[in-house]
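Visitor: Chain residues, written in single-letter form:
Protein chains: 2
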Amino acid sequence: MVLFNQAAIVGTGLIGGSIGMALKKNHICRKVLGVSFHKKSIGLAKRKKAIDCGSQNLQIIKDADLVILATPVEQILKLAPQIAGIIKKDCIMIDVGSTKEGIVAKLEKIFPNYIGTHPLAGSEKRGILNARDDLFKNSLCLLTPTRNTAVFVRKKIEELWLHLGARVFFLSPDKHDEALSFISHLPHIAAFALISVIPGKFLNFASSGLKDTTRIAASDNELWADIFLNNQKNLLRAIDEFQAKTSLIKQAIKKKNKKLLNKILAEAKSKREAL
Amino acid sequence: MVLFNQAAIVGTGLIGGSIGMALKKNHICRKVLGVSFHKKSIGLAKRKKAIDCGSQNLQIIKDADLVILATPVEQILKLAPQIAGIIKKDCIMIDVGSTKEGIVAKLEKIFPNYIGTHPLAGSEKRGILNARDDLFKNSLCLLTPTRNTAVFVRKKIEELWLHLGARVFFLSPDKHDEALSFISHLPHIAAFALISVIPGKFLNFASSGLKDTTRIAASDNELWADIFLNNQKNLLRAIDEFQAKTSLIKQAIKKKNKKLLNKILAEAKSKREAL
Chain A
63 MVLFNQAAIV GTGLIGGSIG MALKKNHICR KVLGVSFHKK SIGLAKRKKA
113 IDCGSQNLQI IKDADLVILA TPVEQILKLA PQIAGIIKKD CIMIDVGSTK
163 EGIVAKLEKI FPNYIGTHPL AGSEKRGILN ARDDLFKNSL CLLTPTRNTA
213 VFVRKKIEEL WLHLGARVFF LSPDKHDEAL SFISHLPHIA AFALISVIPG
263 KFLNFASSGL KDTTRIAASD NELWADIFLN NQKNLLRAID EFQAKTSLIK
313 QAIKKKNKKL LNKILAEAKS KREAL
Chain B
63 MVLFNQAAIV GTGLIGGSIG MALKKNHICR KVLGVSFHKK SIGLAKRKKA
113 IDCGSQNLQI IKDADLVILA TPVEQILKLA PQIAGIIKKD CIMIDVGSTK
163 EGIVAKLEKI FPNYIGTHPL AGSEKRGILN ARDDLFKNSL CLLTPTRNTA
213 VFVRKKIEEL WLHLGARVFF LSPDKHDEAL SFISHLPHIA AFALISVIPG
263 KFLNFASSGL KDTTRIAASD NELWADIFLN NQKNLLRAID EFQAKTSLIK
313 QAIKKKNKKL LNKILAEAKS KREAL
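The listed protein sequences correspond, in order, to chains A and B. In terms of the numbering used here, the first sequence has 309 at position 247, counting the first letter as 1, and numbering is strictly consecutive. In terms of the numbering used here, the second sequence has 247 at position 185, counting the first letter as 1, and numbering is strictly consecutive.
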């Protein structure tokens, strides 16, 4: 089902490229355009059938009905004013950034037909080479409308993500950032900190427990530094709670309080099993 | 190749049961006996071809040439004196406990032909129902001889684990416990603490990052409470280092020190990628 005539993806990496592949595979758009500031990436995106044509020049998106901003958050904010001067008046805009409060507040001032989206898909791997047309299948996409979001934009973009294979859930930008600080950003902090303190001489003994616990520490450091700083307020609170719980476990071990230790672990176990 | 005439497994759970299945499948013993204090477990172990015959009574192990102690550490220490009064004089003893310093010191006093072993296999799942004959294939088994360990015991048990499919690495009981505090016990602490602080209302948004990072928090709480208390000294130090690193990351976020944050994350990333 064709939802848009022309869609343009700014930033044809893992997420942007996977959106392009899914758009084309499911015939959701007549034409998919791509913008990347890396020339090589455009050629790769074409070869992966993520885009029909691409350019390093933003002018290519001037006739698009849908523009997907899929570069890192910092770059989205830098490009937004320039993009606003290029697109059609009725063009619908979305971004796929990992934090929403700051970016939504800024982008909805710049673009009248904008809604923030955050597909909870992806992996520690980046780049167009890892893009897949089924990346969003059975995943969850969070949409963050505000009172300024037009109903037709909200409905059309909900439909878009459903067609890309995702389940859709709506929540406010600030709730989104609070939720993500716990379910995504804090686990990344834990993984980065954990692998950092393992003495190199013991890494040869690593088994699946350590590997799974630290898998996401192989994620892109610059991208995650940006995300952490963009969600500073929520994340600092989440880290505090994590450290308080870790200290509680530490004290139970120090005092050989087996009863308390067992209680904390049992609660954690049943919570994890319910996931 | 037959290495032992009769082998007896005390504790036919995930690890004990998997050893039995691998012993029988690879014809490493003529007969495999099992002791479990849960009657049901004996029937299941027979059905899974982990043992030839089993009993709730320890007397069944009296003619064994090899006894594998595979109950939780606390129980091993309780049973050891009784077992010493039952076994043949030249019987070789091993345990498969997750900590080694305390147990090796005690067991090598009780059993003349003893060596500590620790197969780094298993999962968050427990019990004979999850036992597999290939659990140790391509895994690592740590052997912890001391100056009291007879050479023939060390050689025979190395051969045993090689035949069970594992790679074998020797290290002292205290080095073992130091290594394990970092590569296994600390990741469990992190996983238990992490899942504990995720607000229930956000659990529906959990993606693969959170799931992988906390998988091992579904492990048995009593077993892990014992392991943590048995490795108290090393683990407290490992937790301290983990908390210090987490605090460093927190401070970098608080001060919006992107350069420092990026440096910490980049180092973590390259360490994880080398795993």
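Treat the hints with care, as some may be off.
Straight line, CA to CA, 25 Å or less: simulated SDA-like cross-link-like pairs of lysine to any residue [stated by the list, open to error]:
hint, chain 1, residue 1, chain 2, residue 2
1, A, Lys333, B, Ala268
2, A, Lys316, B, Lys317
3, B, Lys312, A, Ala142
4, B, Lys317, A, Lys333
5, B, Lys187, B, Glu284
6, A, Lys168, B, Leu310
7, A, Lys316, B, Gln137
8, A, Lys273, B, Asp236
It is worth saying that the hints were derived from the structure and are not from the lab.
Visitor: Are the hints correct? Go through all of them and say.
Guide: Going down the list of hints, with the structure as the test:
1. A threshold of 25 Å between alpha carbons decides the hint, and for lysine 333 of chain A with alanine 268 of chain B the separation of about 12 Å falls inside it, so the pair holds.
2. Distance check on the hinted pair: lysine 316 of chain A and lysine 317 of chain B sit about 32 Å apart at the alpha-carbon level, beyond 25 Å; violated.
3. For the proposed pair lysine 312 of chain B and alanine 142 of chain A, the alpha carbon gap of about 30 Å is over 25 Å, so the pair is violated.
4. At most 25 Å may separate the alpha-carbon atoms for a hinted pair to count; lysine 317 of chain B and lysine 333 of chain A exceed this at roughly 33 Å.
5. For the proposed pair lysine 187 of chain B and glutamate 284 of chain B, the alpha carbon gap of about 13 Å is at most 25 Å, so the pair holds.
6. About 30 Å separates the Cα atoms of lysine 168 of chain A and leucine 310 of chain B, which puts this hinted pair outside 25 Å; it is violated.
7. Our distance criterion of 25 Å between C-alpha atoms is met by lysine 316 of chain A and glutamine 137 of chain B, whose separation comes to about 22 Å.
8. Annotation: proposed proximity of lysine 273 of chain A to aspartate 236 of chain B holds, straight-line Cα distance about 23 Å (limit 25 Å).
Hint check: violations occur at hints 2, 3, 4, 6; the rest are consistent with the structure.
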